[in-house]
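Line order of the protein sequences matches chains A and P.
If you use the numbering used here, the first sequence corresponds to residues 916 to 1066, in order.
If you use the numbering used here, the second sequence corresponds to residues 320 to 640, in order.
None of these hints come from the bench; they were simulated from the model.
In this text the structure is predicted, and so the values were computed from the model without any measurement.
A hint or two may mislead.
Straight-line Cα separation of at most 27 Å, DSSO-like style, residue types lysine-lysine; simulated pairs [what the hints assert, rightly or not]:
no.: 1; chain 1: P; residue 1: K472; chain 2: A; residue 2: K972
no.: 2; chain 1: A; residue 1: K1006; chain 2: A; residue 2: K1038
no.: 3; chain 1: A; residue 1: K1066; chain 2: P; residue 2: K372
no.: 4; chain 1: P; residue 1: K506; chain 2: A; residue 2: K919
no.: 5; chain 1: A; residue 1: K1017; chain 2: A; residue 2: K1031
no.: 6; chain 1: A; residue 1: K1060; chain 2: A; residue 2: K1040
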Amino acid sequence: MSLKILNKEEKREIEKKLKEQFGIKKINGLVLMRGKERLFLFSGNLNEDKIKKIEEKVNVERVGIYFAKVVEDKLKLSLDGTQLFKSQITKNILEVNEEQMKEWMSGSDLFIKTGKKDFLVIKYKEDFLGCGKVSENKIRNFVPKNRRIKK
Amino acid sequence: MESKKKLELKPFFVERMKKILGKDFDFYLRSINEPIKNYIRCNTLKITPEELKLKLENKGWKIFQPFNNFPEIMLIKNKLAPGELGSSLEHVLGYYYVQDVASMMPVLALDPKPNEFVLDIASSPGSKTTQIAAKMQNKGTIIANDISLGRIKILASNLERCGVSNTIILRKDGGLLCDFFIENGSKFDKILFDAPCSGEGTLKSSDKTARIWNINTVKKMSKIQKRILRKAIRILKKDGVLVYSTCTHSPEENEEVINFVLNEFKNEIVLEEIKIPLRCRPGILNWENSFYSEEIIKTCRIYPQDNDSEGFFIAKIKKLK
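Required output: the full structure, derived from the provided sequences and hints.
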């Protein structure tokens, strides 16, 4: 697994983007990058050296939880990313009604004009349902297939 | 009550279970032929039991929390449509895990705490790993291991759904992984070895074991379990706790394995009493001309007829030095 543990500066850069886009101020834990775009959060207390020592001898399949993807210099929070940071998300939230929630969680795009751009966090009542990509008149759905509900 | 097709059991399996259970065999047989109850475990990393109960009751589900000290354990009392339990919004958002009540007991026996260093040797599909993470409140580190890449994908998906962020997933044979930690000098506060086994305890939820049961599998599994367990004990800290569990009834995979390590680690390990909210029967002390240590009475046999659950075996080992 090509896994890179981000240094303080790189982590700060991610935090800066999260703050700009969603109002998220702080990431508690190590941030790791897999490939060039997938970001993981590890809240465990094993330090970088110990993780690297394990990696030398054993197949490390995953460290922490996938929470965001870098897309054209912006961050797209995963479904679980929006839940992990739900207490900190203050910006770019789209609250949906029950009918829209069912559409969204079944994997459909939402045909709503928001006047916003980039990524929006979808919220139904107190539940955070991931991120959508805004285009002129719709919000593109990214709910993974294994997390969808039937309409 | 829902109907269930009567299990066709192998004669030798029946003969062995009659030897283990004696006069209770008929109750056992009746129980495994009844459908499994719909238990779920509230994922306290994402939601409180009170909040989840309210959400599910608003959907019309009847929720019963059978244990005051463990409000996260919930029984769905009304009839659900096939697949409904795994396809609800609350499930896909990771607010609960579908898990039989007996399968929740090994982690209750292990009692992991925040900030501990915990190893889960055979962790897929992740029911117990997610339960450990919830008990640890995502603080401290869990090493979750499995040998199969296919099963690791399911594990990773379940950890993600449940919001588990303190876990490192490794892929290695359990025994070789222990060898690595022995060489590397790492020691754990807690270890769960929910061992691969012949699966005799799962008959209530699946007829697979009834079809494929074979005494050779029992013997083969026993060897694998002993090989891994004796190594796992070596990477436990002083005063550390290891829980060994199986979902099977065969003494070769349970008491015999524990007896084996008690002999190998004389004066280094002891068995601890297990405090869980299900009815436990003590481990058996002799089987087919083998006599086991008296200490084995502290191990726990969970039977379907006692708890209306799957069958399990649990032993709690404490390292003295």
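Verification of the hints:
Restraint check for K472(P) and K972(A): satisfied, since their Cα atoms lie roughly 21 Å apart, inside the 27 Å limit. Our distance criterion of 27 Å between C-alpha atoms is met by K1006(A) and K1038(A), whose separation comes to about 12 Å. The suggested pairing of K1066(A) with K372(P) holds, with an alpha-carbon distance near 23 Å, which does not exceed 27 Å. In summary, the hint linking K506(P) to K919(A) is supported, as the alpha carbons are separated by about 25 Å, within the 27 Å threshold.
With a CA separation close to 22 Å, the supplied pair K1017(A) and K1031(A) stays within the 27 Å bound. Proximity of K1060(A) to K1040(A) is assessed by CA-CA distance (about 22 Å); at most 27 Å being required, the pair is judged to hold.
The structure shown violates none of the earlier numbered hints.
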